[in-house]
Amino acid sequence: MHHEPVQAKLFTKWSIPLLALMLAGAAAFVARFAFGLGATTNLSNNYPWGLWIVFDLIWIALAGGAFVTAGIVYVFHGEKYHVLARPAVWMGLLSYSFVVVTLLADLGLPWHFWQLAVQMPEHSAMYEVSWCVGLYVTVLALEFAPTVFERFGWNRLRDIWRTWSPVYTVAALGLFTFLMSHQIWMAAVATVLFAVIAWLTRPSADRTGVPVILIIAAVTFSTMHQSSLGSLFLLMPDKLHPLWWSPFLSILFFLSAIASGIALVMLMDMTVSRVFRRPWNGEVLAGMGRILLGALVVYYAARIADVAARGQLAALSGRPGALFLIEVLGGGLVPVLLLSTDALRRKKAPLISAALLAMLGVMFHRVNVVLLGMRLPGTMPGGPTETYYPSLVEWLVSLSLVAAAIFFFGLGAKLLPILPRLEPTAERAAGASDAATRG
Amino acid sequence: MSKAVLEDTTRCLGCRSCQVACKQANDLPAERTHLEKRRLGFQNPAALSAKTFTVVTNHEVEDPRAPAGLRWVFAKRSCMHCLEPACVSACPVTALHKETDGPVTYDSEKCLGCRYCVWACPFGVPTAEWDSLAPRIRKCTLCFDRLRDAAAPAELNGKAAPPEAQARMAEAQAKPACVAACPTGALMFGERDALLAEAHRRIAEHPERYVAHVYGEKEAGGTSLLYLAAVPFDRIGFRTDLGERSVPSHSVPAMSAVPPAVIAAGGLLAGIYFLSRRRAEVKAKQAAPAKDAPEAAVPQDRKE
Ligand code: SF4
Ligand code: SF4
Chain A
121 MHHEPVQAKL FTKWSIPLLA LMLAGAAAFV ARFAFGLGAT TNLSNNYPWG LWIVFDLIWI
181 ALAGGAFVTA GIVYVFHGEK YHVLARPAVW MGLLSYSFVV VTLLADLGLP WHFWQLAVQM
241 PEHSAMYEVS WCVGLYVTVL ALEFAPTVFE RFGWNRLRDI WRTWSPVYTV AALGLFTFLM
301 SHQIWMAAVA TVLFAVIAWL TRPSADRTGV PVILIIAAVT FSTMHQSSLG SLFLLMPDKL
361 HPLWWSPFLS ILFFLSAIAS GIALVMLMDM TVSRVFRRPW NGEVLAGMGR ILLGALVVYY
421 AARIADVAAR GQLAALSGRP GALFLIEVLG GGLVPVLLLS TDALRRKKAP LISAALLAML
481 GVMFHRVNVV LLGMRLPGTM PGGPTETYYP SLVEWLVSLS LVAAAIFFFG LGAKLLPILP
541 RLEPTAERAA GASDAATRG
Chain B
373 MSKAVLEDTT RCLGCRSCQV ACKQANDLPA ERTHLEKRRL GFQNPAALSA KTFTVVTNHE
433 VEDPRAPAGL RWVFAKRSCM HCLEPACVSA CPVTALHKET DGPVTYDSEK CLGCRYCVWA
493 CPFGVPTAEW DSLAPRIRKC TLCFDRLRDA AAPAELNGKA APPEAQARMA EAQAKPACVA
553 ACPTGALMFG ERDALLAEAH RRIAEHPERY VAHVYGEKEA GGTSLLYLAA VPFDRIGFRT
613 DLGERSVPSH SVPAMSAVPP AVIAAGGLLA GIYFLSRRRA EVKAKQAAPA KDAPEAAVPQ
673 DRKE
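Residue numbers (my numbering), protein chains in the order written: chain A, 121 to 559; chain B, 373 to 676.
Hints were generated in silico from the structure; no laboratory data involved. Check before you lean on any hint, since a few could be wrong.
So, partial list: chain B residues that the calculated Cβ filter (under 8 Å) puts toward chain A [unchecked claim]:
id, residue
1, L407
2, L420
3, V490
4, D517
5, L519
6, A602
7, V603
8, R607
9, G609
10, R611
11, S628
12, A633
All C-beta atoms in this analysis are idealised placements derived from N, C-alpha and C, irrespective of residue type, glycine included.
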């Protein structure tokens with residue numbers, strides 16, 4: 121697989137609104153630190169988490185596309201989907217980085233972050249997520265590194281990377297296991313296991329290819345933090361409505377992240393072919409559509425079975441019931457129908473709609489978990505709580521980071537060999553994308 | 373052993389000495405008076421905050437046993453110092469900590485300000501300093517510092533303190549400030565077991581005076597603040613929907629599963645990798661004789 125930067129102007133008419141939004145967001149970020157959380161956000165003791173956490177959860181769920189794609193391509197040997205691997209990792213790296221930026225704004229005392237390295241709480245989902253996301257970002261960066269080496273011809277660095285990134289990855293997995301278990305023997309088992317895997321899957325003697333242990337680590341870390349993001353809410357059985365609270369929240373978060381991640385990667389590829397006037401990857405997208413179908417069926421089957429098993433399906437009523445139905449029908453049933461046959465998956469309109477709905481369904485689930493499905497008893501001694509609406513600063517910080525992700529994704533695609541090189545025979549005329557639906 | 377506070381609300385006058393003593397002991401600023409008489413009676417302020425760690429609630433409750441059928445019930449509310457605190461289990465940096473002798477304490481030097489504890493606490497206790505540029509979490513600590521180094525001053529008004537005065541002062545020091553300030557004995561400090569026994573003794577002795585329930589004995593896994601009342605607790609603003617299971621017990625299974633899951637995931641992924649590589653090789657070999665189909669040599673998608 122060869123990649124090359126997209127030949128296009130670095131700044132287009134789209135850059136202006138994106139840059140303007142980024143500038144406004146930067147100002148909002150400064151304001152948040154200059155005037156404090158209370159003055160610039162609508163967060164309160166009743167709503168200690170708000171829009172920023174919703175964005176974090178949504179973003180991480182969508183950025184799950186990075187680990188799912190890497191897993192499909194390198195672990196399941198889905199060679200056909202190789203074209204998606206680099207853009208998905210680039211998207212993931214940007215997303216996770218901007219989630220960290222959001223967290224910086226959200227934390228009241230972010231300069232104490234190093235305490236995470238010196239304290240070892242037991243059973244704190246927040247601790248798990250912090251470490252796991254942190255380590256995963258480094259693995260994503262290592263996954264992305266060869267793109268940069270290739271662009272600048274840094275072959276020596278690439279060789280160092282190939283030798284040492286597996287060592288780092290194995291160490292990271294061992295460290296993580298130790299921090300979570302507090303058991304040396306557990307960490308030792310993990311380290312030995314991953315070292316053996318790294319050795320058995322090492323790149324071939326001609327020193328080509330990606331160290332597979334990087335991908336295995338990426339999938340492992342993702343599995344862990346995607347599910348632990350759900351575990352965060354296990355401590356709120358008294359607040360989160362039973363249509364959302366479940367002892368299996370972690371598993372539901374993980375399964376939904378797979379579905380929304382695939383949907384996002386599909387939408388990303390569709391957008392790329394449209395914006396950069398590249399051919400429509402009909403074959404690849406139809407295949408991804410099939411995988412999305414499987415992921416949706418598994419996730420929503422688990423979701424509905426869980427709700428039914430706890431006797432909540434029969435008790436469906438009121439606003440929570442409506443929100444749940446929107447989620448399950450709009451985000452689950454409709455896209456499943458739209459993806460149900462091979463013929464449908466090869467048509468643009470159903471495929472685009474299905475991916476969009478699948479993504480929106482999971483986004484809506486996260487909004488429900490953090491805000492709409494919460495029944496807040498209020499600060500002691502309790503009482504009615506006023507509704508929370510995000511402030512301008514909160515919106516600006518979050519939206520500007522989305523703008524930044526879009527902007528930098530495009531910039532990266534134009535500067536670095538992220539997208540696959542188009543075959544010389546491929547039609548590169550403006551109408552190419554339409555013509556390509558045939559395939 | 374674990375210390376606790378028992379409040380017998382039938383002995384509480386609503387004088388709020390405890391509320392004032394708490395402000396002094398913790399050096400907390402005043403709040404602007406804001407009365408919601410219809411909903412809260414003379415309770416002030418309306419809720420705990422970074423400036424108020426304890427508040428006395430006022431409820432006028434219908435009670436046929438009371439003269440004129442109405443009864444005022446006051447309760448001193450604050451952190452419950454849960455036996456298995458949700459806040460401690462939430463905290464990613466152990467800034468919140470359950471001391472072995474009962475108090476749930478907080479260390480702002482460790483805190484990230486993530487406010488997960490605020491979300492997690494079933495009683496709505498931890499609060500953040502929203503008007504600060506470095507917002508700490510604030511809540512009652514059961515005056516654990518007073519309990520630890522309870523020492524009476526050796527001098528009183530410039531003269532050596534007489535031993536009995538010293539003993540009296542030391543004893544007053546060795547309790548939370550609210551308990552020390554209570555003029556009626558409605559608040560008692562001591563061993564949790566002893567206080568529970570005392571609470572049940574009072575209920576047994578005067579069944580006409582109390583509802584037969586010690587709030588905090590079992591709620592959310594048990595708490596170190598225990599309450600007696602003449603009326604059902606849901607009528608005086610206590611949550612009665614929490615059940616007896618501790619909050620952390622819901623997340624412990626998921627979190628303990630993480631390390632083994634890491635190992636299992638690694639093994640599983642490696643297994644899938646080798647299996648699918650083998651299948652790709654077999655497929656490539658089968659396709660190899662057909663020289664005219666070179667793409668087939670590339671492993672195709674074999675998911676599902
Ligand atoms: S009442 Fe809330 S803040 Fe106090 S110990 Fe229990 S969980 Fe923690
Ligand atoms: S806000 Fe501070 S004390 Fe509360 S959970 Fe986060 S780090 Fe711990």
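Hint by hint, here is what the structure shows:
Restraint check, B/L407 versus chain A: the minimum CB separation of about 14 Å is more than 8 Å; hint violated. Interface hint status for B/L420: upheld, as the beta-carbon distance to the closest one in chain A is roughly 5 Å, under 8 Å. Taking 8 Å as the C-beta cut-off, the interface hint given for B/V490 holds, the closest approach to chain A being about 4 Å. Nearest Cβ of chain A to the Cβ of B/D517: about 21 Å, over the 8 Å cut. The hint is violated.
The beta carbon of B/L519 is not positioned within 8 Å of any beta carbon in chain A (closest approach about 22 Å), and the interface hint is therefore violated. A cut of 8 Å between beta carbons decides the hint on B/A602: the least distance to chain A is about 18 Å, and the hint is violated. Contact between B/V603 and chain A, as hinted, is not supported at the beta carbon level, the nearest pair being about 15 Å apart and thus beyond 8 Å. Interface hint status for B/R607: violated, as the beta-carbon distance to the closest one in chain A is roughly 12 Å, over 8 Å.
With a cut of 8 Å, the hint placing B/G609 at the interface with chain A holds, because the nearest CB-to-CB distance is about 4 Å. Nearest Cβ of chain A to the Cβ of B/R611: about 6 Å, under the 8 Å cut. The hint holds. At its closest, the beta carbon of B/S628 sits 7 Å from a beta carbon of chain A; the interface hint therefore holds under the 8 Å criterion. Below 8 Å, beta-carbon pairs count as interface contacts, and B/A633 has one with chain A at about 7 Å; its hint therefore holds.
The structure fails hints 1, 4, 5, 6, 7, 8 (numbered hints given earlier, in ascending order).
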